[in-house]
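Mind docking these for me? Both chains are given alone in their own frames, and the hints should help you get the complex.
In case you want the letters, here they are:
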Amino acid sequence: TQLLEQSPQFLSIQEGENLTVYCNSSSVFSSLQWYRQEPGEGPVLLVTVVTGGEVKKLKRLTFQFGDARKDSSLHITAAQPGDTGLYLCAVVYSSASKIIFGSGTRLSIRP
Amino acid sequence: EAGVTQFPSHSVIEKGQTVTLRCDPISGHDNLYWYRRVMGKEIKFLLHFVKESKQDESGMPNNRFLAERTGGTYSTLKVQPAELEDSGVYFCASSQVMGYSPLHFGNGTRLTVT
Chain S
119 TQLLEQSPQF LSIQEGENLT VYCNSSSVFS SLQWYRQEPG EGPVLLVTVV TGGEVKKLKR
179 LTFQFGDARK DSSLHITAAQ PGDTGLYLCA VVYSSASKII FGSGTRLSIR P
Chain R
539 EAGVTQFPSH SVIEKGQTVT LRCDPISGHD NLYWYRRVMG KEIKFLLHFV KESKQDESGM
599 PNNRFLAERT GGTYSTLKVQ PAELEDSGVY FCASSQVMGY SPLHFGNGTR LTVT
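Residue numbers (my numbering), protein chains in the order written: chain S, 119 to 229; chain R, 539 to 652.
No wet-lab data here; the hints were simulated from the structure.
Cross-link-like lysine to any residue pairs, in silico, SDA-like; alpha carbons within 20 Å at most:
(1) K579/R / F128/S
(2) K616/R / V550/R
(3) K582/R / L204/S
(4) K579/R / G158/S
(5) K582/R / Q127/S
(6) K582/R / V627/R
(7) K175/S / Q198/S
(8) K175/S / S639/R
(9) K582/R / Y211/S
(10) K553/R / L622/R
(11) K582/R / S149/S
One-sided excerpt, in silico: chain S residues whose CB lies under 7 Å from chain R:
(12) E159
(13) G160
(14) P161
(15) L163
(16) K216
(17) F219
(18) S221
Positions of the beta carbon are idealized from the N, C-alpha and C atoms, including for glycine.
So here's chain R without its partners, still in its complex pose (with noise of 0.2 Å):
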């Protein structure tokens, strides 16, 4: 089976910008997560999606980020506008089971904010 694509891999934006981050999980996977990397830190939580509706987004930073999941297929990320610290590398992952099957990981796509 395909694994979690993540596109870009990377980008490199200035702050106030926009940028956009895609995740396409594993087929038939209802779950997809969003964590986030900052240099130095532990991989934190964002949110999750059970099909197209928002579970729980407790780990979103602020109202700049809006993630959304059309249709419960792939899934959006977006930081309007951005700030310096934003950069890092998130992270997108999608599981069959809620909290009990393993959770498959994309490569991540690296942000960096200038």
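Looking at chain S on its own, in the form it has when it is part of the complex (with noise of 0.2 Å):
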């Protein structure tokens, strides 16, 4: 089993919709990262989640990690073409020195 399951795997929606991706985890995590990959490039980092309901914005992506600090979600508002990409959540495991990834939720925005 994975660590992290990340859901829904695929997500195709019409530009303006709003949308929610999930990161889940039996496991509590001292921070969670959210990265976007783009095809023939390597992940970008969006954001850090560190407290246990913490709520993060970034321009229309907005991140919460739960109070739990299990599970986050990231919540796109009127979503656009340049939206699309495969979000991925990240933690922190091993003594600091792995981070793990999440299958990854693919989300194409159609025009």
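Encoded structure:
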């Protein structure tokens, strides 16, 4: 079983719609990161959440860390074609030496 | 600042051959990580260097994979001999502070073993 489960795996929506993707685990983490990856490139960090219940906003993107620090969500308001990409959550694991990634949500925004 | 650079961007080799991937981290980043994504699967951790020392190599698949980081600067990942299941995209990332600062990724090397 994977440490981090992301859902949905794939999401295709119309421009202007809202969406939420999830990152879940049965383990507690001190922090959680969200990355976005575009084709032919490496993942790029969007945000790090640290405190249980924390909410961070990045323009139209809202990130929330669960109260118990086991899960997180990413909400996008009024999605744009430029939001298309693979969204990955990641956590620090094993004495801060490893950063482990979820399998990702592949998002496609149709114009 | 210059980002993480990886070379080559693509490599196609035959089963049994040897391939060496190179990663140049961001200058001043002591932490260097190798990851791999095999088709359809998640990005998997391979190993972590702090300067020239291997901090954690628990993700290395087997002894056909050898990673080095001479002098704590650039790193190489050698696969010898390559097998079909080694195909995938190999990513390198670097960071300043172990585990708590963002990972800066290169664009990856796409390895195809035929």
